[in-house]
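> For this one, chain A is given, so just place chain B on it according to the hints.
From first to last, the protein sequence lines stand for chains A and B.
Residue 1 is where the first sequence starts when you use this note's numbering, and the numbers rise one by one after that.
Residue 394 is where the second sequence starts when you use this note's numbering, and the numbers rise one by one after that.
Keep in mind that a hint or two might mislead.
As the list claims (entries may be wrong) - Lysine-lysine pairs mimicking DSSO-like chemistry, simulated, CA-CA at most 27 Å apart:
no.	chain 1	residue 1	chain 2	residue 2
1	B	K480	A	K107
2	A	K107	B	K549
3	B	K476	A	K107
4	A	K71	B	K425
5	B	K537	A	K112
6	A	K107	B	K432
7	A	K249	B	K425
8	B	K537	A	K71
As the list claims (entries may be wrong) - Covered stretches of chain A, as calculated for chain B (at least 3 residues, CB under 8 Å):
no.	segment
9	15-23
10	58-66
11	115-129
12	294-302
13	371-378
These are calculated hints, taken from the structure and not from any lab test.
All values derive from a computational prediction rather than experimental measurement.
Virtual Cβ for every residue (Gly too), placed ideally from N, Cα, C.
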Amino acid sequence: MEETLTQTAAAERPATIPGLGRPLKEHEMVISMGPQHPSTHGVLRLELVVDGEVVIDVIPHIGYLHRCFEKHAENMTNYQQVIPYCDRMDYVAAMNNDLGYAIACEKLLKIKVPERVEYIRVIMAELQRIASHLIAVGTYGMDIGAFTPFLYCFRDRERILDIFEQTCGARLLYNYIWIGGLSHDVPENFAEKVRDFCAYFRPNINELNDLLSYNKIFIKRTANVGVLPPEVAINCGASGPVLRGSGVKWDLRKNDPYSVYDRFEWEIPVGTGTMGAVGDCWDRYMVRVHEMEQSVNIIEQAVEKIPPGDVQSAIPKRIRPETSEVYVRTETPKGELGYYIIADGSASPFRVKVRPPCFVNLSLLPTISRGAMIADVVAVLGSIDIVLGEVDR
Amino acid sequence: MIPQEIHDALVSHFGNAILDAKLEGVFDPFIKVAPDRIKDVAQFLRDNEATAFNVLMCLSGVDHTGGKLGVVYHLHSMRRNHKIVLKVDLTVEQPHCHSVESVWKTANWHEREAYDMYGIIFDGHPDLRRILMPYDWEGHPLRKDFQVPEYYNGMKVPY
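This is chain A alone, in the form it adopts within the complex:
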């Protein structure tokens, strides 16, 4: 009886595994992780080809959260209607998504946005970056087994969401940054609130470092794990903290500046291999922590300089760009977010292609997980910081 079962199993075993490109060897087996798994941060399914505890290859299966963003964008009645859909791509960094799309459309329409709008946008984008990184490092700690830092991170994120709620009424999906302007002006005590937040948040970064970053167990789990060499990172198109974690000093806010980012003093944090090799999980994690500090720097400078003015003066009545196409990229918390928009002279875009940073960063996962342990895959995946809403669009 037992023999028959084994024979059946052998007969049913497919000749080649799709995605692996070869049949399994004698000692290998496939473990399915996800689509419902706490450490996949959403609905991602990973097929782990393992030999005992060692991961031979990882085959990611994505698309569970595909909501046809690009098809929807083509079928809207105007350009403005796409913005709520942009919110829903990277839903923990909605401001940054809107900003990229708005800048792309403004470039198509050749609109100059008022200074006040630019400064408010920068503040919002940087606050959102802190909020997104707080989720990233908080949940990363939780993946590794440290639950407490997660609560501390969410406590701080709540403050940012309060500022957003006060400004535009929404806490997660804002539809705040519009083409040519903003949906609302900021409330009267906005600058004060933001200053308060900066003063409150700066010491909390040290707290986070004490709790998590320099925790011995955390370092053991992340240092020298999932090392990504810089040349591989560039060739694979990594961007954001994943690229900078490998020691590449590259940030679009400085290297290809948009909005008013060239007017502020701040540093690009990079991975230095403090705890292990350059480009390991700890480096990618630490880049995020340092980036939060730099974002606070930018916010503090920007909030002092918000000029007066009308935030809706440049919003066009009729959005109908001429036949043209544009590729605009911005630095979101996850990396380089690109919008390739083709306009055909009508009121809705002919084609909107999104280059999502998470999509490209996730494609690195097999490269850096090969040879690691199964538990390390969780550490690597968390250090890439994916949001499935953006991977699948």
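Just chain B, lined up with the frame of chain A:
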């Protein structure tokens, strides 16, 4: 390098594989390349010291309607800090294009996506499967003439 110099370098090296170009009066200057030479052009642009395009920012499939498809490559050089756009024109009957996966690994998933959404077949891609749609989906949804099927695995699709 300015786009004109990049174009001249490509023309002198590849001759009639460079079909067309628009370098002025557009936001992103582009050069049109024959679909069966795109890989060589990509390799040249990456490895040539003067161009050094080490980053493929974006790879997009496009349906231009009327049976015309296209692939658009947005390139950037971190070292030289210049950009260029390459374009390839295809048809629905002949949607074959050389893969640039061996030049930039970024292209791997982007080409799978273009295949999934537009049915563009990238010759030489190591693993050309659907990526966002289910593996048993029929048709290529981002084509302008795509008709939503009535049923998918017994489930009614337009709800």
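> Evaluate each hint against the coordinates.
Each hint tested on the structure:
1. Only pairs whose Cα atoms come within 27 Å are accepted, and K480 (chain B) paired with K107 (chain A) is accepted, the gap being roughly 21 Å.
2. The straight-line distance between the Cα atoms of K107 (chain A) and K549 (chain B) is roughly 41 Å, outside the 27 Å bound, and the hint therefore fails.
3. Between K476 (chain B) and K107 (chain A), the direct Cα distance comes to roughly 17 Å. Compliance with the 27 Å bound is thereby established for this hinted pair.
4. A hinted pair counts as satisfied when its Cα atoms are at most 27 Å apart, and K71 (chain A) with K425 (chain B) qualifies at roughly 26 Å.
5. Straight-line distance between C-alpha atoms of K537 (chain B) and K112 (chain A) comes to about 33 Å, which puts the hinted pair past the 27 Å bound.
6. With a C-alpha separation of about 31 Å, the suggested pair K107 (chain A) and K432 (chain B) falls outside the 27 Å cut-off, and the hint is violated.
7. For the suggested pair K249 (chain A) and K425 (chain B), the alpha carbons sit about 32 Å apart, so the restraint of at most 27 Å is broken.
8. For the proposed pair K537 (chain B) and K71 (chain A), the alpha carbon gap of about 9 Å is at most 27 Å, so the pair holds.
9. Residues of the segment 15-23 of chain A with a Cβ under 8 Å from some Cβ of chain B number 3, which satisfies the need for three, so the listed coverage holds.
10. Using a Cβ-Cβ cut-off of 8 Å, 3 residues of the segment 58-66 of chain A lie near chain B, which meets the minimum of three, so the contact claim holds.
11. Check on the segment 115-129 of chain A: 0 of its residues sit with their Cβ under 8 Å from a Cβ of chain B, so the three-residue criterion for coverage is violated.
12. Taking a C-beta to C-beta cut-off of 8 Å, the segment 294-302 of chain A contributes 0 residues in contact with chain B, too few for the three needed, and the coverage statement is violated.
13. Coverage of the segment 371-378 of chain A by chain B is violated [criterion: at least 3 residues with CB-CB distance below 8 Å; count 0].
Checked against the numbered hints given earlier, this structure breaks hints 2, 5, 6, 7, 11, 12 and 13; the rest are met.
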